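Given the sequences, and given the hints that come with them, work out the whole structure.
Protein chains in written order, with this note's numbering: chain A, 1 to 301; chain B, 1 to 233.
Calculated from the structure, these hints are not laboratory results.
Among these hints, one or two may not hold up.
Unchecked claim - Okay, the calculated beta carbon distance ranges per label pair: (1) N13(B) x R120(A): 38 to 46 angstroms; (2) G86(A) x A108(B): 41 to 49 angstroms; (3) L92(A) x N134(B): 34 to 42 angstroms.
No experiment lies behind these values; they were computed from the predicted model shown.
Beta carbons are placed, not taken as given, at the ideal position from N, Cα and C, and that holds for glycine.
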Amino acid sequence: MNFSLFLLAVFDGIAYAALVFMVALGLTLIFGVLRILNVAHGSLYAIGAYVTASVGAAIFAAGFAPFLAFPLMLIAAALIGVVLGGPIEYLLLRRIYHRPEVLQLLVTFAVFMILEDVQRQIWGTQPYFEATALQLLGNVQVLGVYYTVYQLIFLPLVALTVLIGLRLFLRRALAGKLIMAVTEDREAAQAIGINADRVFFLTFVVGAALAALGGALASPTTSVLPGIGADMIVLSFAVVATAGLGQIEGAAVAALLIGLGRSFAVYLMPELQVLVPYLIMLSVLLIRPEGLFGRPGARKI
Amino acid sequence: MLELRQLDAAIGNVTILRNVGFMLAEGDTVALIGRNGAGKTTLLRSIMGFTDVTGSIRFAGQEMTSLAPAHRPGLGIGYAPEDRRLFSAFTVEENLKLPVQVAGLGAAEQAQRLERVYHILPELREMAARPAGNVSGGQGKMVALGRALMLGTRLIMLDEPFQGLAPALARRYAEALRTLRDTDQNVALFITESNPALLRSLADRTLVIERGEVTENLLEPEGQGSDRADSTR
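Structure representation (structure tokens):
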């Protein structure tokens, strides 16, 4: 492997890690608070990508300014969080918090299946590709290798901003403190008057919006087509499990590990590309079943 | 002020409390004595809304059984569970302030309540900036008491507060309760304990709980503060 290929693998890995991190972050946040592994998270990612790509194509065709691609991503993510995430929590999950985990998993899996079909109904099976945001930022040359600014700088920057922003929100804002309190001890939180139902709702909407934001950010870099939600949910599960459930900073490290592992596999052993993330997860879990940063029995975010 | 009638409580399919009835008046200090597993914690958790109950729990003229758990502390109830159960990521002072922030009290009222806690538990002021996850078990109990005081303007419920406290700290804790009693004659204190000796000097009345049934302990002398001692089995 020559140096240029090595650099390309690193850049690919970082860009991909930034996307997976965003989705895994939502997943781990929801798990930390609601204690539900939300399989439907993958659909929210896919719908974020579909909405951004199709609406983007429509408005740019209508002659709107290309820079609108960026606010569009944010708006799409927030809307999906509220319009889809809100009802999923309020109408479905709220009824099953005290039910066995298997049932919870089945319900979110059912939501995932339903949303997969909804996507096919709305967007069909033809791939969508809308890369205005990517083209707008152009390319950069690093040590002789050309790479898109969007993937090398913008995506990691957004991921870092989301990470720091979420940490500050959880640490400083009252709503964030309530999320932290409910995560650590739901009953003790209620015993000081915290409305756990409201905190669950807020957390799910924020988590869903993060998944959709991941999809929106991914859309300029890839064709949006059926199945991307399933790929992403499995991969972000691997990230969350590797980091330790409920670990926010840990998810960033695990996403980098898995993103880099995957991209190096693409260049060195393409046939192992799909396998490598799970090999990483498996080897971590064999040594530390609670994940790299998880603590057995602890419940913190 | 607090009145329980024919209260049954279950956790899952197991009935823990049977036909519990008693009253707490304003300013009462009542001890609930019982062995481990007798139902002390379940009784307090039922008052806070964490179990499935039948029967009646009235507080300050309001029926509470249909009230969501999160709406009960705002009526003026402070509760310190058996394990201290602090929020470890927050500082001691953040732990103290969170209940009144949640309740949406004004800044002046928040500051006043915090001062009240620091008056009763001056040691908390010194550890205000420390992460609650780093304080010792005994100090944690003090913080948990302080947190209960923030909302507990009418009723404070302490679940086995002396459990696991070193003797010096237990004395300090009891002293803090006396300071509280001296500064606020109206708040009612409801304290569970497995060792009756620890509460003898504090409580006006003692209730005994055995296998989920509560009885008034008539052997204990009636205290000054308790003008009402109605009790059914």
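Comparing the hints with the structure gives:
no., hint, in the structure
1, N13(B) x R120(A): 38 to 46 angstroms, "holds (45 angstroms)"
2, G86(A) x A108(B): 41 to 49 angstroms, "violated (36 angstroms)"
3, L92(A) x N134(B): 34 to 42 angstroms, "holds (40 angstroms)"
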